[in-house]
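A.B. asks: All chains should be modelled from the sequences, with the hints used to inform the complete structure.
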Amino acid sequence: MPKLTFKTDLCKGCGLCVSVCPKKILKIAKDKINKKGHTPVEMTDQAACIGCAFCATMCPDCIITVEK
Amino acid sequence: MSIVFEKPHALTDAPFHYCPGCTHGIIHRLVAEAIDELGIEGKTVGVAPVGCAVMAYDYFACDMVEAAHGRAPAIATGLKRAMPENIIFTYQGDGDLASIGMAETVHSATRNENITVIFVNNAIYGMTGGQMAPTSLPGQVTQTSPYGRDVTQCGFPIRVCEMLSTLDGPEYIARVAVNNVKNVRAAKAAIKKAFENQIAGKGFSLVEVISSCPTNWGMTPDKALEWVQDKMIPYYPLGVYKDRSAKEETK
Amino acid sequence: MSDKVLMKGNEAIAEAAIQAGCRHYFGYPITPQTEIAAYMAKRMPKIGGTFLQAESEVAAINMVYGTSSAGFRVMTSSSSPGISLKSEGISYIAGADLPAFIVNVQRGGPGLGGIQPSQSDYFQATRGGGHGDYHVIALAPASVQEMADLTFKGFDLADEYRMPAMILADGTMGQMMEPVTLGNYVPKQFDKSWAVTGTKMQRKHNIVNSLYLNPEELERINFERFERYKVIEEKEAMAEEYLMEDAEICIAAFGIAARVSKNAIVAARAQGIKVGMIRPITLWPFPKKIFAAAADKCRAFLSVELSMGQMIEDVELATKCRRPVTLCNRAGGMIPSPEQVLAAIQSVAGGLKK
Chain A
1 MPKLTFKTDL CKGCGLCVSV CPKKILKIAK DKINKKGHTP VEMTDQAACI GCAFCATMCP
61 DCIITVEK
Chain B
1 MSIVFEKPHA LTDAPFHYCP GCTHGIIHRL VAEAIDELGI EGKTVGVAPV GCAVMAYDYF
61 ACDMVEAAHG RAPAIATGLK RAMPENIIFT YQGDGDLASI GMAETVHSAT RNENITVIFV
121 NNAIYGMTGG QMAPTSLPGQ VTQTSPYGRD VTQCGFPIRV CEMLSTLDGP EYIARVAVNN
181 VKNVRAAKAA IKKAFENQIA GKGFSLVEVI SSCPTNWGMT PDKALEWVQD KMIPYYPLGV
241 YKDRSAKEET K
Chain C
1 MSDKVLMKGN EAIAEAAIQA GCRHYFGYPI TPQTEIAAYM AKRMPKIGGT FLQAESEVAA
61 INMVYGTSSA GFRVMTSSSS PGISLKSEGI SYIAGADLPA FIVNVQRGGP GLGGIQPSQS
121 DYFQATRGGG HGDYHVIALA PASVQEMADL TFKGFDLADE YRMPAMILAD GTMGQMMEPV
181 TLGNYVPKQF DKSWAVTGTK MQRKHNIVNS LYLNPEELER INFERFERYK VIEEKEAMAE
241 EYLMEDAEIC IAAFGIAARV SKNAIVAARA QGIKVGMIRP ITLWPFPKKI FAAAADKCRA
301 FLSVELSMGQ MIEDVELATK CRRPVTLCNR AGGMIPSPEQ VLAAIQSVAG GLKK
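Just so you know, the sequences run in chain order A, B and C. Residue 1 is where the first sequence starts when you use the numbering used here, and the numbers rise one by one after that. Residue 1 is where the second sequence starts when you use the numbering used here, and the numbers rise one by one after that. Residue 1 is where the third sequence starts when you use the numbering used here, and the numbers rise one by one after that.
Derived by calculation from the structure, the hints in this document are not laboratory data. Just so it is clear, the structure is predicted and the values come from calculations on it, not from any experiment. Ideal Cβ placement from N, Cα and C applies to all residues, glycine included. Certain hints may be false.
Said to hold, decoys possible - Sample of chain B residues facing chain C (criterion: CB under 8 Å; computed from the structure):
| no. | residue |
| --- | --- |
| 1 | Thr44 |
| 2 | Val65 |
| 3 | Ser165 |
C.D. replies: Quick look at the structure:
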């Protein structure tokens, strides 16, 4: 099963990863604030991830590591 | 389990200062991935511009030089002539490359300097707060074109790839975009080719990357990427404008 | 080639630069220094060096910036209007603490001016020339031999202090032919571990840069740079003193003005006027101490210049205006004649008698 790791503290909450996820399992956590003061991305259903790395491909801040 | 995607080695750990959703970060990563894959980090020297990417020297792990506004290709020329075995690239924005540095751009291209130029076109001066760029679209509202770019007063946007491809000098001129996954992958391939050309001694390779500026365009990051698709790409068509080696092979 | 050869001043600079190990020249054509470019264009390809005619002076100085960043000896040459264009790059080179060797064979200005000899870029050369707090080492040759010797010196000083060094010559010095001895330069070793030659994956990346967004850091770097400048002012100021032992009147002149002045001094001495000369060889650092000491015993100073009076301000500053300083000048490409300088000496001497 693929595994995604987020450097959440570096996330700027831009949402580009959310918009390209084919499984719609990423969202911007509106109720959280990271060290930089942004609302970071979070995974809603790790089990559904197919490891396509679309999210990481579009992430401008290189915060996503994908393992398969 | 093995890692299939992570931050490339040729980027340092310094967090990017770019605005949320700014695609500079993607382009930095693509350049670094190409450097990693070609195994050239140890002999690469990058030249950073003046503009939003001014602090690129903190982000790339290879040796770096900070240029005066527009002068990166001249500095790259000085570096490459002294160290022909090293890999030299510039990373420049539209104001830097197509306005104040146009002479350096055109002449390094016509000399076929064996360097790699990454040209980020987001149709605006971002760092100074959103002024009209040489590539701002007709009618585009910016801080210094508040009623929209009036082409009768400030002329038309410059299509750099089309212009440079009229020269005999350069080896490879291509335009890509980073507004979706497919285009990012194509951009990566073009950037890698631009470095491979230099390694093979083929000469001047420029990749124009159509990029976004959500902050100064006044859009959300995903809307900005839609604007790239709907407005920018029609004016700046993607594709390979010049590839001398490929053309010679087909002859 | 340590024998004497007859050379033009401009050619002597070019040959000396090559002997100093400079293998990279970037320039843009402008009168009256084109012999340097022509010499380099002929020689560099034969010795594995670079000669490149850039698209502009702006590009040329930035090519210098690039090659210097890589740790190589590199030079450019130009004349007054071209140096103005290079000033952007010179400021960046100074700000990034890079060595560079620059030649200004001056012509009359301002603007396009003319193509005849001038010294009116004195302020530009000695005050930095571009934006920001910085200096370049400014060297003023007065013979073809010095064109060569100060080229060697300029490369060494630039490397030692990691800053631009400039030859401030004029059209006369550039075009003049004289015997010159070359071939005695002994290369020195300089630490260039700061150069961007590629990390070879063995060290953290080097960065050549003049941007410091934190004002405290930028201030600290400016202060540190000026500490270095103090050392240079202390150690490197150079001047020739001519017949100064008993001089009551001291001429200040450099370059071609000093040569003209020597003739006038000889004529004045024949008339019993005790006049001598201090000829600054380094314009920055200005030989302040030598002028200050001269002010102890001389009663008047006469600044002979091919400008509207620029070095005269440094003479006044160095002597703290303790003695009167008079200007004897021509401008716009004209050169003072020995008769004009003699008349000025006589006038100053007449004033002293009153």
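A.B. asks: Indicate, hint by hint, whether the structure satisfies it.
C.D. replies: Taking the hints in turn, this is what the structure says about them:
With 8 Å as the threshold, the beta carbon of Thr44(B) comes within range of chain C, its nearest partner Cβ sitting at about 6 Å, so the hint holds. Taking 8 Å as the C-beta contact cut-off toward chain C, the hint placing Val65(B) at the interface holds, the least distance being around 4 Å. Hint status for Ser165(B) relative to chain C: violated, with the closest Cβ pair at about 19 Å, above 8 Å.
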